[in-house]
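Asks: Starting from the structure of chain A, add chain B where the hints point.
2 protein chains.
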Amino acid sequence: MQVFIGVDLGGTNLRAAAVDETGRILGRSRLETHAAEGLEAVLARIASAARQAASDAGVRMEDVAACCVGSPGPLDAATGVVLFTPNLPGWKNVPVAARMTEALGVRTFLENDANSAGWGEFWRGAGRGSTDMVICTLGTGVGGSVILRGRLHRGRDQMAGHLGHIILVPDGRPCGCGATGCLEQYCSAKAVAREAREATRAGEDTGLARLDPDGITAKAVYEAAVAGSQYCRELIERTGRYLGLGIATAVNVLDPQVAVIAGGMLEAGEMLLAPCRKAARENALAPADERVKIVPAELGGDAGVIGAAGLAMRRSGGEEA
Amino acid sequence: MQVFIGVDLGGTNLRAAAVDETGRILGRSRLETHAAEGLEAVLARIASAARQAASDAGVRMEDVAACCVGSPGPLDAATGVVLFTPNLPGWKNVPVAARMTEALGVRTFLENDANSAGWGEFWRGAGRGSTDMVICTLGTGVGGSVILRGRLHRGRDQMAGHLGHIILVPDGRPCGCGATGCLEQYCSAKAVAREAREATRAGEDTGLARLDPDGITAKAVYEAAVAGSQYCRELIERTGRYLGLGIATAVNVLDPQVAVIAGGMLEAGEMLLAPCRKAARENALAPADERVKIVPAELGGDAGVIGAAGLAMRRSGGEEA
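Going down the list, the protein sequences come from chains A and B.
If you're matching positions, the first sequence starts at 1 in this note's numbering and goes up one per residue.
If you're matching positions, the second sequence starts at 1 in this note's numbering and goes up one per residue.
None of the hints are false.
Lysine to any residue pairs mimicking SDA-like chemistry, simulated, CA-CA at most 20 Å apart:
(1) B:Lys190 x B:Arg238
(2) B:Lys278 x A:Pro170
(3) B:Lys278 x A:Gly172
(4) B:Lys278 x A:Cys177
(5) A:Lys293 x A:Glu282
Don't read these hints as lab results, they were simulated from the structure.
The following block holds chain A by itself, in its conformation from the complex (with noise of 0.2 Å):
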């Protein structure tokens, strides 16, 4: 049995797994990343988080036989460097691979975390089987990812995937990329619970002047639309069928087998992907409408380190992700 450490890297949490060639996890470890305290701190957390997860599974560094970090980006996997990253200060081209395989004495890879998050569910969760597929996370933002023939699409400047940034709206939401109407500023779970805080400061009947305005989440809206707040229920009908829209476009421009719906916003089930699934299909060009599998991700909050243990086997192997 060859073992495999996958790493998700986040601006507030950090979780490690050693995970087996089949993709099942046989120890894990969680710390917080501290990323106040800078880039050689958060580096030794990544090392040490590593070093958890092996001893979580019984197993010995030296036995490992590959790590992959998931980190948020822009980065270049090729090269195992992220350039910059908005939440990680102090991080600026920072040889995350060369760093990891040094601390660790294991070869390391680096992929940005939506690539290894849907590799996660390509791999072991709701992809698996299919050869191509795309899939939106919906939390604070959108995270995408594109797999192609079996492989990650990347682009020719690591900057593909980003489904997120599907332009939805001409001259719609600023997005915090620069551009208007991303598929980001209506279909996150940011978005959801601005717009409800929004409304509900504005003195509308969304069920949810009770809570503190500020404290008005995209679970406290789900929470309220099965409590009865139509208010709540259309908006997440508006905002399954938005997600549904940019679908379509992915659906016509890419053709994929599955569109993986991830992410937080995934609790409010069926009242999201139903109109989700009817948008898609109502704009899809036939017959891709008809064959294209818009289905919830399997595999939560794992997906990550899944994700990044199966690139780990697969790079270390030496095929392309």
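Replies: Below, chain B without anything else, positioned relative to chain A:
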């Protein structure tokens, strides 16, 4: 020297060219399709066009290495069967590749027309030297094609590449495909002509009032813009801007090196391309927006026949195209 024949089958015209392995045209032919005469008549005419192109090049048909027919779809490029096609009445499950191989005595392949034209620009036109390219052809509709890592991206169902059906405006103009708000409804020559026609009929100062409204074309809109019509200039600029938003989406999802704009609308030149580039740059993620070149097509009406010949070369050589 090897010779390949590329055929570009349209609803109105049928063109063929004999092309050498460097993409140079050695001979050509052009016939009317006469689609109304039905399947067998059109098939016979495709064979005629191929023979005439060979003859024009001074090459015997038995010395032609391979042919490829670029056809409207949907079709199955792998089996060489046109499933059906709105512009050619009576075409249903037609094994074009097999029929032409038999009629010509030369191995013949089938590809959709948008991919043939895309491959032409990729191989010998505005995309040459790149590995990742998208193309939008602004005509009656908006044809699209996607080439990734040096290969056509056809998708699982051979339904990929439809950049004309990027959903650009939620609840926008109805599209012939059944969706609403497709890029095609904002950026095709037909859409531009229709918008100008409706405005003229409604009494707006379009500078086109002296024309029969039914005769207003995209070309007339461009000419009026050059002659000083502010309405027409703004319409072309708005068209370019919409096109740029669609390109931004393609860039954010695919990260190509080159986006090629083709078709009759190109006559508007920088009046169309400058706002297109601006919108793409403002809405695509950096650094992809700096690297992707948005360029006019170079092969004009020859892209389809050159591309089909190139695909014949590639596929007869056993390479996947």
